[in-house]
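Q: Sequence:
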Amino acid sequence: MMGRRRKTYKEVEAKVKLSPMVFILYIMLTLFCCLIIFPLLIVLSSSLRSPDNMISPLLLFQEFSLDSYINAFTKMKYPKQLLNSIMTTGGSVFLVVMFSTMAAYPISRIKQKTSRFLYYFFIAGLIIPSQMVIVPIAQMFGRLSLPNTRFTPMIMFITCSLPFSIFLLTGFMKGVPVEIEESAYIDGCGLWKRFISVVFPLLKPAVVSVVITQGMWIWNDYFYPMIFISKSDQYSLPVGMIQFLGDRENPAQWNTLFAACVLCALPLILLFAVLQKQFINGIAAGAVKG
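The working numbering applies: residue 1 is where the sequence shown begins, and numbers increase by one.
Since the hints were derived computationally from the structure, they do not count as laboratory data.
Possibly wrong hints are sitting among the right ones.
Said to hold, decoys possible - With a straight-line Cα cutoff of 27 Å, these simulated DSSO-like cross-link-like pairs (lysine-lysine) come out: (1) 204 to 80; (2) 113 to 75; (3) 111 to 80; (4) 204 to 193; (5) 174 to 204; (6) 174 to 80; (7) 277 to 231; (8) 277 to 174; (9) 231 to 75; (10) 204 to 111; (11) 193 to 111; (12) 231 to 77; (13) 113 to 193.
As the list claims (entries may be wrong) - Here are the in silico distance ranges between beta carbons for each label pair: (14) 155 to 274: 27 to 35 Å; (15) 32 to 265: 43 to 51 Å; (16) 66 to 274: 38 to 46 Å; (17) 233 to 30: 20 to 28 Å; (18) 67 to 148: 34 to 42 Å; (19) 222 to 110: 37 to 45 Å; (20) 83 to 128: 13 to 21 Å; (21) 83 to 123: 31 to 39 Å.
As the structure is a prediction and not an experimental result, all values here were calculated from the model.
The C-beta atom is built at its ideal place from N, Cα and C for all residues, glycine as well.
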């Protein structure tokens, strides 16, 4: 009796493509994508309209204008606020990556109760809302006479970003073979050299995931810069946009506000477009191995 013929990959793939469940899944994903993209299209199309053309259909208009972007660029002081956001976000993310990798490395490698306790200690920070402790922290900053500059909210950003970053990096490091480090140790590499030259380059997907997730939160955060920064020349983009919206002497028009939203989101969109492959790999690996 002859055995059954094994199906080829193309036959299995064709069967999966024709499956009703797969077809329904595609329909649901398409509807979900439309649900996400439609508001973005409204914002983009409204930012290209003239003030007299704002009452036309949402996605259909005869002419477009870039005057709203020019007005938002000048009235918002976009270059200055963009520089403030880049400095705050870049500095915070750099320190988060440095601290979280140095904390996750011994936690994932040292098999002792102390490292396990430290791991759960950091993870416990995920369940504590940072807004709940803002009053005592603000009082503490006042007693320490910390300068009211863009660097003050960076302390909060770094502190709040460490628990998730350590969780993700620890899970990813557990998947890195220890034999690689043992080979480097035999070749004469010390602890720091093994970490910097061997382990850290392998963490690229997880580090990119930390950069994108925490960078997006820090970039879009309005709460901490509004509380700890009082000088208008040090505002980040979200705070500057809200101040631009609430200007009673020169109220902004709707098309200018939509253009300001696009300008604020554009750097993050470009960052994600460049690093999206590493971001997906890092999130998947860190979640599964953790």
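Q: Can the suggested window of 20 to 28 Å be confirmed for the beta-carbon pair residue 233 and residue 30?
A: About 46 Å separates the Cβ atoms of residue 233 and residue 30, which means 20 to 28 Å is violated.
Q: Given the proposed pairing of residue 174 with residue 80, does the C-alpha separation stay at or below 27 Å?
A: This hinted pair is violated, its Cα atoms lying about 42 Å apart.
Q: Given the hinted pair residue 204 and residue 193, is their alpha-carbon gap at most 27 Å?
A: holds, 17 Å
Q: Check the hint pairing residue 193 with residue 111 against an upper bound of 27 Å on the C-alpha distance.
A: holds, 21 Å
Q: Do the Cβ positions of residue 83 and residue 128 conform to the proposed distance bound of 13 to 21 Å?
A: Check failed, 32 Å falls outside 13 to 21 Å.
Q: When you check the alpha-carbon spacing of residue 111 and residue 80, does it fall within 27 Å?
A: violated, 48 Å
Q: Note whether the CB distance of residue 66 and residue 274 lies within 38 to 46 Å or breaks it.
A: violated, 25 Å
Q: Below or equal to 27 Å on CA atoms is what counts here, so check residue 174 against residue 204.
A: holds, 14 Å
Q: Does the Cβ-Cβ separation between residue 32 and residue 265 fall within 43 to 51 Å?
A: violated, 20 Å
Q: Check the hint pairing residue 204 with residue 111 against an upper bound of 27 Å on the C-alpha distance.
A: The given pair, whose Cα atoms are some 24 Å apart, holds under the 27 Å limit.
Q: Please verify whether residue 277 and residue 174 have alpha carbons no more than 27 Å apart.
A: holds, 21 Å
Q: Regarding residue 67 and residue 148, is the given constraint of 34 to 42 Å on their beta-carbon distance met?
A: holds, 36 Å
Taken one by one, the earlier hints fail for this structure at numbers 1, 2, 3, 6, 7, 15, 16, 17, 20, listed in ascending order.
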